[in-house]
Each structure stands twice: as structure tokens, then as C-alpha cells.
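Note that the numbering used here has the sequence shown beginning at 1458, numbered continuously upward.
A few of these clues could be false.
To be verified - Mimicking DSSO-like on lysine-lysine, the simulated pairs with C-alpha atoms at most 27 Å apart in a straight line are:
1. Lys1493 - Lys1509
2. Lys1603 - Lys1640
3. Lys1745 - Lys1509
4. Lys1499 - Lys1509
5. Lys1692 - Lys1743
6. Lys1543 - Lys1493
7. Lys1543 - Lys1509
8. Lys1692 - Lys1493
Calculated from the structure, these hints are not laboratory results.
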Amino acid sequence: MTRVNRNNVRDIDWSSRVYIQGVLNCTPDSFSDGGKYDNLDKAVLQADLLEKQGADVIDIGGESTRPFSEPVTAEEELERVIPVIKAIRKNSSIPISIDTCKALVARAALEAGADIINDVSALRADPDMVQVALSWQVPVILMHMKGTPRDMQIAPVYTDVVQEISEFFQERLEFCQAAGIPKRRIILDPGIGFGKRFQDNLDIINHLSLFRSRFALPVLVGPSRKAFLGEITGKEDPEDRDIATAAVVMPLIFNGASIIRVHNVAMIRDAVLVAEALKKRMEESKRKADNPKDQQQDKIDA
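Start from the sequences and build out the full structure, keeping to the hints where you can.
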């Protein structure tokens, strides 16, 4: 598997294989690993571990976006993430995405060595974020979220969750292109667990291919340790949901996910490799079934 280097992150073909985005929360209150890596030394060690386990991108965040979380100031967010990014950059060229909806934080992170903007508000929270994306010409992840982290899980309602997310993506793409952000730099994230009911998350997974076919853009999905997996398995502790996360990777990849955002990279990397191999073989078999000449060639080769 070819490793990604930050020097070519703007030119990555996200459809060439499935990429793994490792989560590094430098926060005291994230839903799964809050408080584990809010110390510089621990955060850098975890980043090194994620890279060794096979992460293609490290996603660094300094503000929790778990349900009912409270926002933090830009200054506090900067104190959490900038030293970590600088420290990682001393020894690694792995691409780094900055998980923030604040333009000030995104700009400082890019200056410190980040390469991708991961905005859970899809450029809606801070009007200055567009200019940051334009100035740095970096990939931008646009996530769907109904409401804000503080209120997104208070009785969210959809008539058709897939259609509503599609309409949201269409509006955001038109906004970005009008602002001058080229489509080729955009990655879509349907926002599993962000203002979604249990059944909504399942519908997104089952119909993920519709986003790929409609928009012809890479789709990132973050199912890792989410509450809907706890509802299915009965596991209350998010850290006990890694096996369930590995299980949901299979349908996500078969349905067109380009990037999987996870906490346990080592385990999910194996699941990704198995799913990719199965999908590749399935596509080869379908292609041969649709082309009799390929079947004849197989018989000759045998």
C-alpha cells in the first residue's frame, strides 16, 4: 500500500483506494478519548502510533463536537492543537487535517504544518474560513450536521435523511464554487452521529453510494465508536465498540467510502484491507460476467 506524503496531498486521487484518517483529540472532553491526549507528549506519541499502525492522515482537533458539548474559545483551541502539529512536523511528513470550524485556528494550523481543513460546519460557522481555504488551496472536508454539537441530538427529524443531506451538499458545493473553491478540492462527509437518529445513521450507510454517484466526489465517513453502534451491540463504553466499527467498515467500503475516520487504526486497517480485496474481486467478477471475451481469456489462461 502506497503511503501518502503531505507534499502531494493536493493531488491525491481519493478514489484510488480507501484511506484511513486517524483521530487525535487534544481535548479533555471528547466522547471516546477525551483527556487521553491533551498533554503534548502523549499527543505526539499517539500520532506516531497512528502513523505506524497505517493511518494515511491524522485528524487533529482541539474542540469536542460530541453531543451537548460546549464551544471553546479560539485561543484555547490554538493552545491545544498548534504545539502538537509543530511537534509532529519535526519528525513526520504524514498529512494532517485540522478539525475546526474557526478560521483563525485553521489558518494557524496550516501555518504550523497542517494540510487539510476538516470543518464540521461545512464553512457555515465562520465566514472567514472560505478565504483561508482559498489562500492555502488545500482540500476541504464539508460535513453535514443538523444544528450544532450543543443541540444536534435534541430530537432531530428527517423526512428523507439521504435526500436532505444530498440537498445540503448541493447547496454547499454551489456556495464553494461561487466563492472560487474548485470542486476537485472538496471531500464530503454525511456526518454520522451529528444530528442523526439511530435509523438515519443506518440509512446513510446503506445509501452511501448515492452521494458518490450524484456528486462524483470522495466521501469520508466517521463511524468510529459512535452511539448507534452501542445501541446495536449493547456496549456502553465507546472504547468497547472497535469490533463493531470494524464490522460497519465493510458496507461503507462496498457502498463507496473513500476515507474512513477512526480511533483504532490498527484494527480498522485490517478490516479495510479485507473489504477492499472482496470489493475488488466482486467488481472483477461482474466485469467478466458483462464481457464474454474476458471469460474466454480466463479459460485460455487456465
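Okay, the hints, checked on the actual structure:
1. Lys1493 - Lys1509: 19 Å, holds
2. Lys1603 - Lys1640: 23 Å, holds
3. Lys1745 - Lys1509: 37 Å, violated
4. Lys1499 - Lys1509: Given that 27 Å is the threshold and the Cα spacing comes to 15 Å, the pair holds.
5. Lys1692 - Lys1743: 38 Å, violated
6. Lys1543 - Lys1493: The given pair, whose Cα atoms are some 19 Å apart, holds under the 27 Å limit.
7. Lys1543 - Lys1509: Holds: lysine 1543 and lysine 1509 sit about 19 Å apart, inside 27 Å.
8. Lys1692 - Lys1493: 20 Å, holds
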